Structure formats: structure tokens, C-alpha cells
Amino acid sequence: MRRSILSWLAASSMAAAALLVSTPAPAQAEAAAAQGEPEVVERAPLDRSFIVGVVGEPSGPGLEGETLARRTHEVGLLLRCPVCQGSSVSDSPSPTAINMKNEVRDLLAQGFDQGQILAWFEASYGQFVLMEPKTEGLNLVVWLGPVVVLVGGLVLVLLQLRKLRGRPDDEVEPAPPSWAGDGIAAEARTIGGAAAQTSAAAAADTTTDDTTAREGPRGPQGDPGLASYLNEVQKLAYGAADGGAPASKPTSTKDS
Amino acid sequence: MSTGLHVNEPARTAPRTGVNKGVLIVGLLLVVPLLLLFLFSFGNDPHAVRSPLIGRDAPPFTLASVEDGSPVSLASLRGKPVVVNFWATWCEPCKQEHGVLTGGAMMYRDQVQFVGVVYEDEKPKIDAFLQRYGSGYPALLDDGGKTAIAYGVTGVPETFFIDASGKVVSKYNGPLSPDLLRAHVMPLLEGGR
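Line order of the protein sequences matches chains D and Z.
Mapping of the first sequence onto the numbering used here: position 96 corresponds to residue 79, and the numbering continues sequentially without gaps.
Mapping of the second sequence onto the numbering used here: position 186 corresponds to residue 261, and the numbering continues sequentially without gaps.
These aren't lab readings, by the way, just hints derived from the structure by calculation.
Only a predicted model underlies this, so the values are computations on that prediction, with no experimental measurement involved.
A portion of the hints provided could be inaccurate.
[As the list claims (entries may be wrong)] Per label pair, the in silico range of CB-to-CB distance:
id: 1; chain 1: D; residue 1: L137; chain 2: Z; residue 2: T137; range: 54 to 60 Å
id: 2; chain 1: D; residue 1: L137; chain 2: Z; residue 2: K170; range: 54 to 60 Å
id: 3; chain 1: D; residue 1: V125; chain 2: Z; residue 2: G266; range: 35 to 41 Å
The beta carbon of each residue, even a glycine, is placed where N, CA and C say it ideally should be.
Let the hints inform the model, and build the full structure from the sequences given.
Here it is as C-alpha cells:
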């Protein structure tokens, strides 16, 4: 029972880790994006002073040509398309993603760097817009949680393995008797063995006879009462007090 | 004399009782925080995050009016509260909300300025929409979606409530009902007194 609970705990931890690292699906579908792409003809100029007020002056010269296209794609990969199912701006064909990519291109062309561009989008959308959450505050749960859960799960598994290795073989339960006669005989033998152990222990505890203690456990002969009882049982089981095989198989078997 | 049937009981291994405390603690440390996280997070719309614009200056814009192409800027509306609604003709909830906003624009016409910013749409469709459903306040074209990006719009309808000083006071995702509109407009009016 306990093992099954621990297994469940380990399994649920792993499943939870998998859930945790997976990206939550936005409620908004891309259906809006599929509703006919509007023709983006001309764009209103950026309110540069407002952007500078949020992220500061551009950090360097503006990009152009192939470098501009490459960096636009790279920065777009770091931004989440807000109307898509976990896609980045660079990966999505939706009009919103295209508009955001155009914004990235314009900002790079004006000399804003990657950090400033991400900060500008974050100022509008919040950290939701970043494909990778920042490694700070509660976000650390997202970054470290899966590692902690994985290590914890491994520790649980190792603990269980260690416990299984250290488990003695005699904990295995004996097979049930195949028929009642054998069961009675086995019971008689068990009684004999256990009685011998009991009497030996009693002898070791109560008698001062060193010989008895040195000889170890004695048989039923050491206890006349028990020997007599065993004889009765063996007569019942085998029809003879010497423990010989019965003349015929008893009819009161479970197989009948 | 011993009773034979009870003699063999001590030979059996007694079942282990109790729980390994170390394993229990590790398991609880792993599972409880996750259960709490799921308990408080499931059912939440990941889009319904608090806008980082709330409490900050509203991003300025100058956009062309759908009606005649004349430029309308947020700065020109400064001095009284502004309700900026992002909408589109392809958005079904926007049709329902349009009547609420038109009614609100009439009700608060001397106190609050209503502005609609059309999101990812085309002028012929907007004209047809306004002809059919009526127009009680300016509708502005956001070609290129730069204003929507500056406001962090993730879908339509979304409505921003800006006070007379130009600060964003609140934001609502989804279609507004008359009660919701009143609930968001009242703080703007009270703040201006």
C-alpha cells in the first residue's frame, strides 16, 4: 500500500513537472488571424519620444540590409505572438505577429538593441510577451521547479530501490498447500518446528542445564505433552503415529 | 499444554507499520506546492493578466478618422477622461458591445470622450459596419497595428479607461455590458472632481 502511494507520488511529481514546463495555451484562437489578412499599406510613424521615455535612447547605430533582416528574425523568436498558440512572432503568419515583427524591424533600424526592444514590448504586454520568462521572483519556480521535481523523483526512486535490495528473502509468503492432507501434514511439521523453537527458548531461559543450551533447539521429545499431541495429529493425518504416508488420499480435498 | 494452532504465529514476520518520515516529507514538499499552484491557477485565463499600463501614462497616438481621414490624437482629447475601445468588424462580441458604447457615449457625452480604434481591419468593411450599426463616437484606423501594440492589445474587444490627466486607470478584456461600463467610468468621473 505504502509502496503504491509512493509510486503514485513519484509519478504525479513527474507528470506535474511535465505540465509545468509545458506552455499554457492562450484562450484566444488563431481564428481571428485567419479571418482575411488586412493589407498593411502604410504604418503610422512610431512615437519615438514615448518609446525613448520607456526604454531610453537607442544604444547604437541603426541596422540595415541583411543584418537588419537576420536580427529582426532573431528578436522575433524571443517574443510571443499574443493571439497564437505558443508561437513566437517570427514563427507565426498572423497579422498581429506580422505587425509586431514590423515594429521590431523599425526599432532595430532606429538603433534600439535587443534588450530595449524586449523591454518596450514588455512595457505594453507584460512578461507574457516574452517567450522565456525572466529568471527572477516567482519565475524561478518555472526555471527551477522541474529540476527540483526531477531530482526529488529520482531520490524517491532510489530510496525505493535501496529498500527493495535490503529486503530479506524470507518475507516471501509460502505457497498455499495443494491439497488438504498436505496442509495438515505441513501444519503438523510447522507445529513441531515452532514448538521445538519455543521449548528451546524456554529451556535456555529457565534451566541452568548448560548442555541443553549448548545443544540448541530440541525436538518434541523434550516436551512429552507436545510429543503426545503431535502423535495424535500425525495419526489423524497419516493414519499412523510414525508419519508414514497415508494409505489413500483423503476424500475431503478442495479439488473434489 | 500448548495450543498447537497458535504456536506457529510468532514464526511469521510482523507487518511493518508506520510511514517513512523522510519519504513522506520529500513527497509532500514536491506535491503540495504543485497542488496549490494548480488549485489557484486552473481556470484563470492566461490573457487576463493585469495590464502593465495601468497607473502609467497612456501611449500617445495620432490616427486617421475612418469617417473623413482627419487625424485625431490622444493629446487633443486631454482634459477629460477618455475611453479607448479596440474593436473589429470581424469580432462578433464587438457588435454586441457597439450598442453599449454608443449608448455610453451619449450618456456621458459632456464628461467622457469615447474613441474606437479599429484593429486589423479594412476600411470598406468598417464603413459598412458603421452604416449598419450606427456611429456615436470617432472610429480611428490603426494601420500597421502600432497603437494596438503600444497598448498591449491581445484581442478584441479590449477597452482602456484613461483619466483626464492621461493616465490609464483600468482596462477590460471582452465585451462591456452597461453595468461594467458604468463601473469603469465612475472612477474616472470621481477622479476628476
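Hint-by-hint comparison with the structure:
{"no.": "1", "hint": "L137/D with T137/Z: 54 to 60 Å", "result": "holds (59 Å)"}
{"no.": "2", "hint": "L137/D with K170/Z: 54 to 60 Å", "result": "holds (55 Å)"}
{"no.": "3", "hint": "V125/D with G266/Z: 35 to 41 Å", "result": "holds (37 Å)"}
The earlier numbered hints are all upheld by this structure, with none contradicted.
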